[in-house]
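There are 2 protein chains.
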Amino acid sequence: MGKDIIADHARWPRLEDEIFKVSEECKRAIKEKGRDKIINSTLGTLIDDDGNLIAFNSVYDTLKNMDKKSIASYGAIEGDEAYLDLLVDKCFGPYKPKAYIKAVATAGGTGAVRHSLWTFLNQGDYAICPNWYWPAYLTMCEEFDREFKTYEFLDEDFNFNLEEFTKSLDFALEKRDRVVCIFNSPANNPTGFSIEDSMWDKILDVIKSRAVDGKYINILLDVAYIEFAGDGSQKKFFQKFSSLPENIITTVAYSMSKSYTAYGLRAGACIIISSNEDMANRAFDSMKHSNRANLSNITHAGMNILVDIENDEEMKKSYENELELNRLLLEKRAKVFVKKAKEIDLIHLPYFGGFFISIPCNNPKEVSKKLKEKNMYIVANKNGLRFAVCAVSEEKCEISPKLIKEAIDEVNR
Amino acid sequence: MGKDIIADHARWPRLEDEIFKVSEECKRAIKEKGRDKIINSTLGTLIDDDGNLIAFNSVYDTLKNMDKKSIASYGAIEGDEAYLDLLVDKCFGPYKPKAYIKAVATAGGTGAVRHSLWTFLNQGDYAICPNWYWPAYLTMCEEFDREFKTYEFLDEDFNFNLEEFTKSLDFALEKRDRVVCIFNSPANNPTGFSIEDSMWDKILDVIKSRAVDGKYINILLDVAYIEFAGDGSQKKFFQKFSSLPENIITTVAYSMSKSYTAYGLRAGACIIISSNEDMANRAFDSMKHSNRANLSNITHAGMNILVDIENDEEMKKSYENELELNRLLLEKRAKVFVKKAKEIDLIHLPYFGGFFISIPCNNPKEVSKKLKEKNMYIVANKNGLRFAVCAVSEEKCEISPKLIKEAIDEVNR
Numbered sequence: 001m002g003k004d005i006i007a008d009h010a011r012w013p014r015l016e017d018e019i020f021k022v023s024e025e026c027k028r029a030i031k032e033k034g035r036d037k038i039i040n041s042t043l044g045t046l047i048d049d050d051g052n053l054i055a056f057n058s059v060y061d062t063l064k065n066m067d068k069k070s071i072a073s074y075g076a077i078e079g080d081e082a083y084l085d086l087l088v089d090k091c092f093g094p095y096k097p098k099a100y101i102k103a104v105a106t107a108g109g110t111g112a113v114r115h116s117l118w119t120f121l122n123q124g125d126y127a128i129c130p131n132w133y134w135p136a137y138l139t140m141c142e143e144f145d146r147e148f149k150t151y152e153f154l155d156e157d158f159n160f161n162l163e164e165f166t167k168s169l170d171f172a173l174e175k176r177d178r179v180v181c182i183f184n185s186p187a188n189n190p191t192g193f194s195i196e197d198s199m200w201d202k203i204l205d206v207i208k209s210r211a212v213d214g215k216y217i218n219i220l221l222d223v224a225y226i227e228f229a230g231d232g233s234q235k236k237f238f239q240k241f242s243s244l245p246e247n248i249i250t251t252v253a254y255s256m257s258k259s260y261t262a263y264g265l266r267a268g269a270c271i272i273i274s275s276n277e278d279m280a281n282r283a284f285d286s287m288k289h290s291n292r293a294n295l296s297n298i299t300h301a302g303m304n305i306l307v308d309i310e311n312d313e314e315m316k317k318s319y320e321n322e323l324e325l326n327r328l329l330l331e332k333r334a335k336v337f338v339k340k341a342k343e344i345d346l347i348h349l350p351y352f353g354g355f356f357i358s359i360p361c362n363n364p365k366e367v368s369k370k371l372k373e374k375n376m377y378i379v380a381n382k383n384g385l386r387f388a389v390c391a392v393s394e395e396k397c398e399i400s401p402k403l404i405k406e407a408i409d410e411v412n413r
Numbered sequence: 001m002g003k004d005i006i007a008d009h010a011r012w013p014r015l016e017d018e019i020f021k022v023s024e025e026c027k028r029a030i031k032e033k034g035r036d037k038i039i040n041s042t043l044g045t046l047i048d049d050d051g052n053l054i055a056f057n058s059v060y061d062t063l064k065n066m067d068k069k070s071i072a073s074y075g076a077i078e079g080d081e082a083y084l085d086l087l088v089d090k091c092f093g094p095y096k097p098k099a100y101i102k103a104v105a106t107a108g109g110t111g112a113v114r115h116s117l118w119t120f121l122n123q124g125d126y127a128i129c130p131n132w133y134w135p136a137y138l139t140m141c142e143e144f145d146r147e148f149k150t151y152e153f154l155d156e157d158f159n160f161n162l163e164e165f166t167k168s169l170d171f172a173l174e175k176r177d178r179v180v181c182i183f184n185s186p187a188n189n190p191t192g193f194s195i196e197d198s199m200w201d202k203i204l205d206v207i208k209s210r211a212v213d214g215k216y217i218n219i220l221l222d223v224a225y226i227e228f229a230g231d232g233s234q235k236k237f238f239q240k241f242s243s244l245p246e247n248i249i250t251t252v253a254y255s256m257s258k259s260y261t262a263y264g265l266r267a268g269a270c271i272i273i274s275s276n277e278d279m280a281n282r283a284f285d286s287m288k289h290s291n292r293a294n295l296s297n298i299t300h301a302g303m304n305i306l307v308d309i310e311n312d313e314e315m316k317k318s319y320e321n322e323l324e325l326n327r328l329l330l331e332k333r334a335k336v337f338v339k340k341a342k343e344i345d346l347i348h349l350p351y352f353g354g355f356f357i358s359i360p361c362n363n364p365k366e367v368s369k370k371l372k373e374k375n376m377y378i379v380a381n382k383n384g385l386r387f388a389v390c391a392v393s394e395e396k397c398e399i400s401p402k403l404i405k406e407a408i409d410e411v412n413r
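As they're listed, the protein sequences go chains Y and L. Going by the UniProt record's numbering, 118 is the number at position 118 of the first sequence; the sequence numbering is gapless. Going by the UniProt record's numbering, 196 is the number at position 196 of the second sequence; the sequence numbering is gapless.
Hints are computed from structural coordinates only; laboratory data are not their basis. Any given hint might turn out to be false.
Because identical chains cannot be distinguished in the list, a pair is counted as satisfied if it fits within a single copy or across any two copies.
In the EDC-like style, the derived pairs of lysine to aspartate or glutamate whose C-alpha atoms are separated by at most 20 Å in a straight line are [said to hold, decoys possible]:
id, residue 1, residue 2
1, LYS37, ASP231
2, LYS68, ASP50
3, LYS3, ASP278
4, LYS33, GLU324
Computed from a predicted structure; not experimentally measured.
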């Protein structure tokens, strides 16, 4: 590479945030034409039917009542103990794996994904991931010089594509000795798909069969949307990560961003699951080192909010009510969208929960452009469109499938 | 290296926080013997004379009055524009360098140091740094596989050791083509030393003479304590970073942690200064990519606090008053310490401002241990002791030099 003041590995074109761009265009359209006229499916945050960001009262009342000294002070580098203990319990519910479990506080779910890619891979090793994925995974692999390999997410019947996953895993382990398998489930971003429990058994069988001597596999569970993925049973699958062979290590990226409507507070954790106590501890040591080297410690107020809510029965109830209400809001919006889509034969990937529904189509960028003419602003990715049930009112969810179908037909006829 | 589930580069022993340990011991001693009896010189935060963390009212009233939606929402990946613009103005005051300036929001000052080491060095390149330094620099260099080389900070007359700096720079540039020169000034942690303006001229002359074709130098100014380093004139030196040759790039690590008593909010910025617009932009692009890959974005509330205060004349005045009062508090404590030290011939490094004063001594760990018997808890580093004027009342600052002197004599007689 040419001589340059930027080090070779650190040269990147300006990261253009496609979502941000469409979102800005949408804001301008709303100003011009009025909110009623515009469908804003660009956002990745919970928005009420009047277009306002939902910020749970329980969460922000807790913050506003917090002693300012608790906000001002540093948290522990690895995260405060009370926070991590409560977060682990909250994440797993009654389905805690039987294994050694350690956790490190991270900047949202991002930090936990980052730590897994950093700690369990050397440069040139592979992270494998379904081809409907959150783009930041790719950015992280670029940044740290890890290879990012995608496989076809679903088969023709819209089941998790075990065959393609297996091929991808075999490819990675043939080339190298380490691999991170990224799963964004339940309530996948961008599709709303959840891998079902019986499929997890099959996936784990494959992984176990590949975890031969000298090969190391990290199963990375990004569960950013898990609290919006069902009434509790969506956490059952965590039990399956008990007693896995020692050269498989599981990490869970848990985020307060969605579950506490605390996107801007940057709080989360990387939960480490291993059948070997020493390995769990050493992964913890590695990630604590990474915390120190990258951000010192995470937002203290974020950690305190979780602890304060969990320790106050009344506040906890009020938080759980807000969460449940909003989960049902999403469910209602999604149901309407899915029903309408079915009526007019608009194909979308199976939705089980979370913030988004994905519509596969050809020329998604063109379709997204066409939709602007119909006053709908929507994010296009490689394989289709990401419809944001988190951000679009029920009323607009009902008319959206028809608009999308028309635009797809107009572009691809 | 042996086979292991942790990737080769990511294996670290548990990061033991020496400061945290002594601090915990001190807390226990306070519980047993009472606060009056104990001198707690372990903390790195502003503590009032009653032992309470100082958290500016202006800052936390601003937070408590903030619309919850502004706390809940995501900030921009590179940081919000208003925040970055105001922060740059605030950092430089009237002494903004004549150059292209860009800024990226970071998790405290840590994030800005991290970005500089990441973006301007390849693996194996050197960061050079005085031998009285903040230990996190070393942790970062370990984490990212950069070499960390220290040089004797001060000469025999307690001036910045230009000769040793030059040797170190020459060594690094003989071995490799890139170097980061870390300067923690003004109000150095752990010494309170500030490099004076005339010495900056000499340093820059050396750096310019070494910035030959094909060599790239990043001057990293960690100014975490700058707002406690003088009445404003301590910012004059920033002007010197105007019109430097293109293969020198300057970055400033600015932190809200100390200047806003907002340690736990993790807000800061990396300010990039270059005479070449394209290089400034490309450094920005690289660091924005790093933000996305490591933490997505920083605490929104932190950014909003700075913006809200700067945009509210009354609040701004009240913030500036609090800052000034606390700067004077530090000054008073330090003056008393320095005066007493002089009276009893306790040698310490020259103090110009900031949170700490350093006392060089042999066997610092033993001395720190001995001091516990005298009810003083203090952090030992490689070359001496770090006395925390930020955390010790004026009254106790007056009796501390004698205790320290006695302990040094007892250990090293």
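| query | Should LYS37 paired with ASP231 be assigned to within, between, both, or neither, using CA atoms and 20 Å as the limit? | reply | Intra 34 Å, inter 55 Å, cutoff 20 Å: neither.
| query | Checking LYS3 and ASP278: alpha-carbon separation at most 20 Å within a copy, between copies, both or neither? | reply | between (44 Å within a copy, 14 Å between copies)
| query | 20 Å Cα cut-off: does LYS68 pair with ASP50 within a copy, between copies, both or neither? | reply | between (33 Å within a copy, 16 Å between copies)
| query | From the Cα coordinates, with 20 Å as the cut-off, is the pair LYS33 and GLU324 best called within, between, both, or neither? | reply | neither (34 Å within a copy, 49 Å between copies)
Violated hints, in rising order: 1 and 4; the structure is consistent with all others.
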